[in-house]
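Protein chains in written order, with this note's numbering: chain A, 37 to 457; chain B, 37 to 457.
The hints are simulated quantities; they were obtained by calculation from the structure and are not laboratory data. Warning: the hint list may mix true and false statements.
To be verified - Just the calculated beta-carbon pair ranges, DEER-fashion:
no.: 1; chain 1: B; residue 1: N443; chain 2: A; residue 2: A67; range: 24 to 34 Å
no.: 2; chain 1: B; residue 1: P100; chain 2: A; residue 2: E90; range: 45 to 55 Å
no.: 3; chain 1: A; residue 1: A67; chain 2: B; residue 2: E416; range: 22 to 32 Å
no.: 4; chain 1: B; residue 1: G305; chain 2: A; residue 2: G274; range: 30 to 40 Å
no.: 5; chain 1: A; residue 1: E118; chain 2: B; residue 2: A417; range: 42 to 52 Å
no.: 6; chain 1: A; residue 1: G274; chain 2: B; residue 2: T119; range: 31 to 41 Å
no.: 7; chain 1: B; residue 1: Q272; chain 2: A; residue 2: W275; range: 23 to 33 Å
no.: 8; chain 1: A; residue 1: A435; chain 2: B; residue 2: R101; range: 31 to 41 Å
What the hints assert, rightly or not - To give an idea of the chain A side of the interface with chain B (calculated C-beta under 10 Å), a few residues:
no.: 9; residue: G220
no.: 10; residue: V224
no.: 11; residue: V438
no.: 12; residue: A453
no.: 13; residue: L456
Ideal placement from N, C-alpha and C gives every residue a C-beta, glycine not left out.
2 protein chains.
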Amino acid sequence: MALSPASNLGPAVGLICRECGTAAELGPRYACDQCFGPLEIEYRFTRTEGAHPEITRASIEAGPRNIWRYRGLLPVPDQVAETPNTEPGFTRLVRADQLAESLGMSRLWVKDDSGNPTHSFKDRVVAVALAAARELGFKVLACPSTGNLANAVAAAAARAGIRSAVFVPSNLESQKIITTAVYGGTFVTVDGNYDDVNRLASEIAGEQEDWAFVNVNVRPYYAEGSKTLGYEIAEQLGWRLPDQIVVPVASGSQLTKIDKAFQEFIKLGLVEDRPYKVFGAQATGCSPVAAAFKGGHDVVRPVKPDTLAKSLAIGNPADGPYVLDVVRRTGGAVEDIDDAEVVEGIRLLARTEGIFGETAGGVTVGCLSKLVRTGQLDPEAETVIINSGDGLKTLDAVAPVVGPSANIAPSLEAFRAAGLA
Amino acid sequence: MALSPASNLGPAVGLICRECGTAAELGPRYACDQCFGPLEIEYRFTRTEGAHPEITRASIEAGPRNIWRYRGLLPVPDQVAETPNTEPGFTRLVRADQLAESLGMSRLWVKDDSGNPTHSFKDRVVAVALAAARELGFKVLACPSTGNLANAVAAAAARAGIRSAVFVPSNLESQKIITTAVYGGTFVTVDGNYDDVNRLASEIAGEQEDWAFVNVNVRPYYAEGSKTLGYEIAEQLGWRLPDQIVVPVASGSQLTKIDKAFQEFIKLGLVEDRPYKVFGAQATGCSPVAAAFKGGHDVVRPVKPDTLAKSLAIGNPADGPYVLDVVRRTGGAVEDIDDAEVVEGIRLLARTEGIFGETAGGVTVGCLSKLVRTGQLDPEAETVIINSGDGLKTLDAVAPVVGPSANIAPSLEAFRAAGLA
């Protein structure tokens, strides 16, 4: 399958290996021919001949209220916003004064990505993957997943009117099966764990040349979708960067792409070039990047995940080393907390700001608290944290510790006796 | 408890009885002194002396991207957007070409209110109730509920930093208890059915004078929040009204307030005055308004609900007669469908547009289909339907009919043998 000469992927001009720097033509490839390293998109944003139109604050502000306002910075066709899609993004940036006060901080914001169409940040990356995949000639949108990604792929394909094919471990909870199967695509349960499913997906991708596994063979395009989190934060702060940002780390891609977005905005002159610190957040039960950071290593040693924060449970994170680079370059840190602290993080965010985040949000809030307590994060500096998903999808995490204040008979006497007034 | 002279409820100037027309002063009251009929807000929108500033398209468009862009049309303080709140509204209006095609329609839109902070339209009404309740001097935000309203009240109060008190039947599923209790307010389970809980709430409201039960003693303010659905639809269509709109009917308030919003926009000159038809949608297992419409009656006879569309299961709908008025005045209809059609409606919306609605959404899609089939709704005229909540909260409805396409061993051979390529 070849990219046609008429292809339109916006400002994307090629691919480049993140390990050895070898260039490759734009197309349906994801690994370097020379060293098998991961490929990343190369752009041309400047106003030189043949380049993409200039990006300004005004041109962005004139765009739609979703991620496509940044289409000039993404590997997608210019007309992407006019093709049926789930229109993710431009989620709320919530000023979190009560959460800040409870942590002894001055100025804190929550980027609440539970507001996306299927209620996680995965709608962003899937939307970019879908747009690029169509342009690259793929016919089926596919993924291996255990949760949020499956929802996002099935919904996005349904909306776009193309086929989806989602592969999950067969022991997945029935709730998670329903929330994806309802969209009516091909939905396959596989007798094996997530690693088995992931391996099978790679094998199928090698055989079915018109299947785009978003997180496998179109990963370079897919991953760019996370840049939009960074763009939105900067724009919603009034075209400036925060002093500090705390990002949950699974594969590590989200953190590195937020940094990439900030760097692009600086280079394009859209925000002032000033220092910011990037912090990573993990659950101790799956904290290979935190362990490497704390040990002063450059290599991330794989672990076997054992945490209730399942959406972050990637034991061998592909972007782990790049997370270490960003965190060390900016003067941040990677922290981790145990599962009890994750649950406490979910509850604290809900009680103080009325936002019910999933376990990944609990990890971020809990790590924020620990970073402040341990003096690694400045409580006086402006800070943004990411809530990447919705608590409705991980009810089991809080079920053991959340319940009624009282149970009463249906009478005023019972109400008075319960001392609730 | 009296409204202070300094009170600021925007353009609201008084209360008026919907039954006998008796006027009452703006304040914490909800029933007419003369006839016990429901009170409704009176406004002064014109530019006469002492009235509220003029409302124009430009003044609205300059507002925030949430319901507070319409604050000049709501009984809330002018500074409402600056007080911490959940910022609901301005949810997506989705052009639904694939759903339209499957129903033989030309031009169909879905107003997808699952994008609200707690994923139902209740965030709108609760936000208005909260803003008015604070101005009226209430200290606690309360409600009887079995689901969406409980979520919305608990989240809104947490975000605002005030106490919530939510009352639910004690046999409620543990899932629904968790999704409200996580916000940390007072959460009381009551040994009784919803009617018992509702009655207890009224009794407590009579005794705890600083408790605002949003759907009881501040109902006149609360109900106005649904107007924002109508405002947004008109604005998002490019400042014009649709030809037809299909709205789910529980108490009937949402339908009557959308009509009120359209009428206000016409009177204010914000949209062209042209005919539109309003249709109501119910589940047959709780269809007192549809029965009255079909029987040609003015009185709605209460029923005992028996449907899986629990968020619509109000057997004695307070606004039922007003729904009949609106539907008959505009040339619409009220239709109902059985529970199997509700489930099919949920699946159809998910498969064609990637939107997973709750049972109320299934009712609306299913009734839309029936209205087209029976010739009551014009398939060529532009139509808007409301999806008022999120399928994640009513998984049980689709669980029996949704599942995997196949279960395979983790190998390419098994994948090939399953015939999925």
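Hint by hint, which ones does the structure fall short of? Result: hints 2, 3, 5, 6, 12 break, sorted rising.
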